[in-house]
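Chains as they are written, first to last, in full-length UniProt numbering: chain A, 1 to 295; chain B, 1 to 462.
Hints are all accurate, no fakes.
If you only want the chain A side, here are some residues facing chain B, beta carbon under 10 angstroms, derived:
hint, residue
1, N94
2, A128
3, V130
4, V133
5, Q135
6, K136
7, N138
8, P141
9, K142
10, H155
11, R204
12, A207
13, V208
14, L214
Since the hints were made in silico from the structure, they are not lab data.
Note that CB positions come from ideal geometry on N, CA and C, so glycine has one too.
Residues per chain, in single letters:
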Amino acid sequence: MNTLNSTITSEANLPEETRAQKYDDKPAETVIEEGRTVGKPLASDPKFKLRNVEVFYGEARAIKNISLDIGRNEVIAFIGPSGCGKSTFLRCLNRMNDSIDICRVKGSLQLDDQDIYDPKRDVVELRARVGMVFQKPNPFPKSIYDNVAYGPRIHGLANRKSDLDDIVESSLRKAGLWDEVKDRLDASATGMSGGQQQRLCIARAIAVSPEVVLMDEPCSALDPIATAKVEELIAELSASYTIVIVTHSMQQAARVSNRTAYFHLGHLVEVNDTTKVFTSPEHELTESYITGRFG
Amino acid sequence: MQTANLLPLVLVLAVVAYGLAYMRSRAVAEPLGGIRNLKSLPFYYAARAALWSAIPALIVLALWASFEGKVIQNVVMGSLPADLAPQSEGQASLTLSQISNVAAGKLDPALVPEGIAGAAGLLDSLRAQSSQFKAILVLLITVLGAAFAWTRVMPHINARENVERTLRGIFFFCAAVAILTTIGIVFSVIFETVRFFGKVPISEFLFGTSWSPQTALRADQVGSDGAFGVIPLFTGTLMISAIALLVAVPIGLLSAVYLSEYATRPVRAVVKPLLEMLAGVPTVVYGFFAALTVAPFIRDVAELIGLEASSQSALAAGLVMGIMIIPFVSSLSDDVINAVPRALRDGSLALGATQSETMKNVIFPAALPGIMGGILLAASRAIGETMIVVMAAGLAANLTGNPLDSVTTVTVQIVTLLTGDQEFDSAKTLAAFALGMLLFIVTLILNVFALKIVRKYREQYD
Chain A
1 MNTLNSTITS EANLPEETRA QKYDDKPAET VIEEGRTVGK PLASDPKFKL RNVEVFYGEA
61 RAIKNISLDI GRNEVIAFIG PSGCGKSTFL RCLNRMNDSI DICRVKGSLQ LDDQDIYDPK
121 RDVVELRARV GMVFQKPNPF PKSIYDNVAY GPRIHGLANR KSDLDDIVES SLRKAGLWDE
181 VKDRLDASAT GMSGGQQQRL CIARAIAVSP EVVLMDEPCS ALDPIATAKV EELIAELSAS
241 YTIVIVTHSM QQAARVSNRT AYFHLGHLVE VNDTTKVFTS PEHELTESYI TGRFG
Chain B
1 MQTANLLPLV LVLAVVAYGL AYMRSRAVAE PLGGIRNLKS LPFYYAARAA LWSAIPALIV
61 LALWASFEGK VIQNVVMGSL PADLAPQSEG QASLTLSQIS NVAAGKLDPA LVPEGIAGAA
121 GLLDSLRAQS SQFKAILVLL ITVLGAAFAW TRVMPHINAR ENVERTLRGI FFFCAAVAIL
181 TTIGIVFSVI FETVRFFGKV PISEFLFGTS WSPQTALRAD QVGSDGAFGV IPLFTGTLMI
241 SAIALLVAVP IGLLSAVYLS EYATRPVRAV VKPLLEMLAG VPTVVYGFFA ALTVAPFIRD
301 VAELIGLEAS SQSALAAGLV MGIMIIPFVS SLSDDVINAV PRALRDGSLA LGATQSETMK
361 NVIFPAALPG IMGGILLAAS RAIGETMIVV MAAGLAANLT GNPLDSVTTV TVQIVTLLTG
421 DQEFDSAKTL AAFALGMLLF IVTLILNVFA LKIVRKYREQ YD
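Make the full structure from the sequences, and use the hints.
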């Protein structure tokens with residue numbers, strides 16, 4: 001395997017008193033051993049079994065030899081500084097990177113022991129099982145009803161109009177949106193507030209009854225109240241779905257997730273129980289990040 | 001001095017004013033400690049000087065040039081002795097042309113009445129005077145404007161606001177020119193149309209089913225009463241346009257979908273310009289392609305399957321015209337499809353929709369207004385197209401629903417009515433204006449309808 005080592009700059013091992021002068025001093029260096037993740041990256045009988053994953057954008061290596069298991073019905077949070085590859089890695093899980101021409105994925109990625117990147121694999125079926133919610137709410141410019149009914153319609157999940165109505169209602173209820181919109185299901189979704197739009201997107205994703213929901217910074221465009229609602233929703237959904245959430249907010253990761261994975265420049269540095277990561281991180285880079293020294 | 005010489009001179013002076021004001025503003029700023037102590041940047045002082053020197057001078061020049069001729073003419077005509085004063089309009093223009101011919105030296109003054117020769121002399125001297133006055137006045141205004149602006153280069157004066165306001169005025173003027181021209185065209189057509197309806201009843205024009213615009217040149221001519229029913233022309237136009245759109249809309253739209261959603265970057269880089277080249281081929285070339293290749297081919301095929309086809313057919317013209325307008329549909333649609341935000345595409349794909357489902361359910365409705373715009377542009381091109389129809393569909397105004405027949409269109413008839421030697425007040429030539437007016441109204445209604453449809457079905461993304 002590739003034994004290339006990356007050199008990462010860190011201020012974590014600077015003595016307390018010199019930290020103030022960190023921009024003057026030559027920073028100390030921390031070495032990440034590639035492919036080595038501290039903590040508990042592996043699990044038994046996982047939902048996703050990801051081994052030696054590498055992602056390239058053209059020549060650039062965005063994800064460097066990451067191995068990780070994601071358990072059934074767990075909420076795992078990906079944190080790390082901007083550009084560390086957490087979103088790229090997330091998008092591998094339902095092959096959303098396919099639409100980027102220059103993107104190549106190497107390694108073994110399995111969902112329930114089936115290869116995700118098998119050329120014979122039906123992407124439609126994969127994405128029906130692994131839903132996704134994006135950073136910016138992206139409701140279709142259609143009615144609220146049609147947004148939620150979109151997935152069930154294309155997958156033929158409802159035989160009758162009444163079945164479809166039931167799916168729409170239960171999805172909106174699960175997303176905590178039903179009471180707010182039940183009287184205006186025919187209104188355009190683009191007229192809703194940002195927080196409502198994002199919950200609508202979550203309702204849209206769970207309307208196709210996925211097993212996994214991927215969330216790419218779902219609250220970064222929302223105000224604190226809307227964020228709190230979405231977080232409550234994640235907690236409720238975790239009973240029936242596996243949830244992978246990318247977030248820039250460490251409080252959010254701490255609030256919603258069981259395990260937290262810390263990414264750094266394309267490396268997976270540390271994976272541990274969330275409480276452990278935020279109270280006693282094992283890796284010094286993780287510590288630097290969660291204590292706000294960079295990122 | 002001639003207007004043509006005066007114009008560049010004014011512009012040169014404006015440039016000089018620009019340079020002087022620029023230097024002046026820097027010089028003013030120097031003792032204050034640099035240009036940041038001026039209210040505006042030197043560019044604005046300089047631009048204001050250029051505008052103040054050029055714009056009033058150009059306005060005066062334009063006014064002078066447009067009224068000069070009329071005023072001089074009136075003075076000259078007024079100076080004629082009573083016995084030579086013209087009695088009618090026709091006589092007046094005859095006298096006037098005599099005077100100007102003498103003045104231009106084309107006519108020997110000895111051959112005309114003495115009054116006329118005198119008037120010619122007056123005309124000459126007035127023209128010379130006017131030209132001199134004009135040059136002096138315009139240059140004076142230019143210099144004065146520049147000088148005024150130059151004295152107003154002061155640190156506390158905000159030239160930027162003046163310049164912005166003036167520029168806004170210039171932009172408005174440019175926008176207004178296009179609109180006023182359109183209004184002007186409409187009015188000129190309206191007057192001729194009204195005159196036409198004085199000769200041919202409007203009901204016959206709108207509902208007549210026979211078109212044969214041969215009016216008798218002499219009273220004793222037989223067999224050419226003229227028939228001015230537009231219905232055959234409009235059915236011809238609509239049939240050919242419909243055939244063209246039936247070809248262009250599916251092919252154009254689907255190729256746009258291919259280019260924007262499926263084609264790889266290198267393929268797109270080659271195919272898109274090639275497709276756009278179709279719009280650049282002169283219509284005459286399409287015309288003989290239609291007349292010499294497509295029309296005979298259609299006739300042969302029709303004969304093969306036992307149909308009768310004329311050698312010039314609506315189908316041939318429509319098919320070739322359809323090819324011609326493909327790029328209007330494909331290129332514009334491609335642009336608007338690409339403009340649909342990636343987030344919508346990703347949202348649909350992430351729900352497990354295929355590429356074509358995403359296209360049909362999300363991207364197409366969002367891009368509909370732009371696509372409709374492209375189709376409308378293509379349709380107006382098809383309705384207005386003349387050359388292909390002349391060559392491939394013929395001139396016979398048949399009222400028929402058979403695309404294998406030869407038909408003619410409104411625009412083709414306008415061309416044939418107005419080319420060649422024509423009397424400009426016969427019903428035949430005036431009919432061209434009425435046709436133009438009707439075509440204008442019809443396309444306007446089509447546009448309004450299309451906009452209504454778009455507004456109803458569009459799915460607006462922000």
